[in-house]
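Q: Listed here are the chains, written in short residue letters.
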Amino acid sequence: MKVSVQREDFDLGAEVAAISGKSTIGAVASFVGLVRDVRMTLEHYPGMTESAIAKIVEEARGRWQVMDCTVIHRHGALEPNEQIVMVAVASAHRGDAFAACEFIMDYLKTRAPFWKKEERAGGAAWVEARAADDEAAERWK
Amino acid sequence: MKIKILFFASLREQLGTAAEELELPGGVATVGALREHLIARGGTWANAMAKNRAVRAAVNQDMAQPAAAIKAGDEIAFFPPVTGG
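Line order of the protein sequences matches chains A and B.
With our numbering applied, the first sequence corresponds to residues 1 to 141, in that order.
With our numbering applied, the second sequence corresponds to residues 142 to 226, in that order.
Some hints here could point you the wrong way.
Here are the simulated distance ranges between beta carbons [claimed, not checked]:
1. 13/A with 161/B: 40 to 46 angstroms
2. 157/B with 98/A: 42 to 48 angstroms
3. 192/B with 36/A: 30 to 36 angstroms
4. 178/B with 20/A: 50 to 56 angstroms
5. 157/B with 131/A: 28 to 34 angstroms
Partial selection, computed: residues in chain B whose CB lies under 8 angstroms from chain A [stated by the list, open to error]:
6. 150
7. 214
8. 220
9. 222
10. 224
Treat the hints as calculated values from the structure; they're not laboratory data.
Since we're looking at a predicted model, the values are computed, not measured.
The beta-carbon is built from N, C-alpha and C at its ideal position, and this holds for glycine as well.
Generate coordinates for the entire structure from the input sequences, incorporating the hints supplied.
A: See the structure below:
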């Protein structure tokens with residue numbers, strides 16, 4: 001299991017390959033979140049961020065067969081179309097890999113202490129939390 | 142008892158501070174009571190921490206509800222709802 005909060009970009013292919021080595025693994029599901037059409041800065045809470053993500057991964061391991069998992073989330077200044085976050089889950093079968101990957105993303109959106117500040121035409125503005133994200137996390141309860 | 146308080150994102154900007162050490166007065170023993178204590182400073186504090194605003198908290202880097210207890214040496218953080226991912 002790997003959790004990293006970093007400024008640098010990541011290589012999804014390399015990260016997927018790194019958790020695909022065992023012959024018992026039959027499926028790897030991955031997700032990448034991208035910056036849309038606005039420059040932004042991502043602030044986070046060093047220390048808590050890593051432990052919050054690790055707890056989410058642990059919860060996923062309790063629900064599905066997660067044989068390996070990598071979560072990388074970037075912080076700092078990001079340009080349009082850059083990668084922000086990735087989750088990759090390795091399992092024996094696709095059902096567990098898909099479900100755990102989606103669960104980790106849904107919980108990360110509502111429980112990991114990151115805050116986006118977007119540079120809009122009228123000036124920089126903090127992004128408001130979305131009710132849809134809370135609802136997405138709620139459905140796993 | 143002495144605690145450390147951290148503020149993040151829009152709260153940090155509004156308050157003009159990222160962190161402070163605070164000697165807690167007696168009777169302030171929960172996250173909710175600490176928030177009330179900060180609101181009572183008035184001015185920007187009353188606005189930023191107001192009860193009708195969505196403010197989340199963590200105790201020692203773990204999400205916490207208003208009823209969560211505070212003890213000496215704790216790191217308490219206040220921040221807006223998270224928007225990562």
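Q: All the hints need checking, so say for each whether the structure fits it.
A: Verification of the hints:
At about 45 angstroms, the beta-carbon gap between residue 13/A and residue 161/B stays in the expected band of 40 to 46 angstroms. Restraint check, residue 157/B to residue 98/A: a C-beta distance of roughly 45 angstroms satisfies the suggested window 42 to 48 angstroms. Roughly 33 angstroms separates the CB atoms of residue 192/B and residue 36/A, a value that falls within the hinted 30 to 36 angstroms. With their beta carbons about 52 angstroms apart, residue 178/B and residue 20/A fall inside the hinted range of 50 to 56 angstroms.
A C-beta distance of roughly 30 angstroms is found between residue 157/B and residue 131/A, which places it inside the suggested range of 28 to 34 angstroms. For residue 150/B, the suggested interface contact is upheld, since its CB lies about 4 angstroms from the closest CB of chain A, less than 8 angstroms. Checking residue 214/B against chain A: minimum C-beta separation of about 15 angstroms lies over 8 angstroms; hint violated. Satisfaction of the interface hint for residue 220/B is found here, the shortest Cβ-Cβ separation to chain A being roughly 6 angstroms, below the 8 angstroms cut-off.
This hint holds: residue 222/B has a C-beta 3 angstroms from the nearest C-beta of chain A, less than the 8 angstroms allowed. The criterion of a C-beta within 8 angstroms of any C-beta in chain A is met by residue 224/B, whose closest approach is roughly 4 angstroms, and the hint holds.
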